[in-house]
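Given the coordinates of chain A, assemble chain B onto it according to the supplied hints.
In case you want the letters, here they are:
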Amino acid sequence: KAGVTQTPRYLIKTRGQQVTLSCSPISGHRSVSWYQQTPGQGLQFLFEYFSETQRNKGNFPGRFSGRQFSNSRSEMNVSTLELGDSALYLCASSYGLYTDTQYFGPGTRLTVL
Amino acid sequence: GENVEQHPSTLSVQEGDSAVIKCTYSDSASNYFPWYKQELGKGPQLIIDIRSNVGEKKDQRIAVTLNKTAKHFSLHITETQPEDSAVYFCAASTVTGGGNKLTFGTGTQLKVEL
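As you go down the protein sequences, you meet chains A and B in turn. Take the first sequence: its position 93, counted from the start at 1, is 93 in the working numbering, and no numbers get skipped. Take the second sequence: its position 35, counted from the start at 1, is 35 in the working numbering, and no numbers get skipped.
With the rest of the complex left out, here is chain A (with noise of 0.2 Å):
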């Protein structure tokens, strides 16, 4: 069974500008877990997806988003990019919720000139 697949893998962007970064989930995955890996502040949690409903969110201001499609694909959306949102975004998908298991893909290195 594939695993989990982001693209692009890396991503280099201005300041000011917005990405668009994209996941599938493992087949059959129906939940999909978005965190943002960086040497300061470690994993840290941005939103997770189920069934096209956004089920949780992290502690990131609005320029954050997401969704997530009928075929469970997720995609994640920054606008006006800065500096420090330079960093390794990581999608995980797990079946279901209620602190199922999440497995994790190669994650997408962005740099924000």
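Hints were generated in silico from the structure; no laboratory data involved. Errors might be hidden in some of the hints.
What the hints assert, rightly or not - With a Cα cut of at most 27 Å, we get these calculated DSS-like pairs of lysine-lysine: (1) B/LYS58 / A/LYS57; (2) B/LYS42 / A/LYS1; (3) B/LYS22 / B/LYS111.
Okay, now just chain B, sitting in the frame of chain A:
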């Protein structure tokens, strides 16, 4: 909210020795505790997990123990090998509010020396 502390931040062991990484959590409602291994340039890989109704779980050279009373859990790796070198993260999750939100520790850089 939940807070997870992880120690040590770096750990160096000789090949064949055991390695122990410890984590504490703050929310007594947390009931799921996974451990992830992250190699350079890759996403975190689940290596073992434990739920709050179990005190210990073992998978070959890897074991996890959970003390709910003290709110701490530990990862034990025996007979370490060079390929065990990576960053290890503990995490905690609670069903409160629903969903799959994981709160991570700050990571432990494990180096297994020949």
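Hint-by-hint comparison with the structure:
Taking the CA atoms of B/LYS58 and A/LYS57, the gap is near 33 Å; set against the 27 Å cutoff, the hint is violated. Among the hinted pairs, B/LYS42 with A/LYS1 is consistent with the structure: their alpha-carbon atoms are about 18 Å apart, no more than 27 Å. For the given pair, B/LYS22 sits about 16 Å from B/LYS111 by alpha-carbon distance, which is consistent with the 27 Å threshold.
Hint violations for this structure: number 1 only, all remaining hints satisfied.
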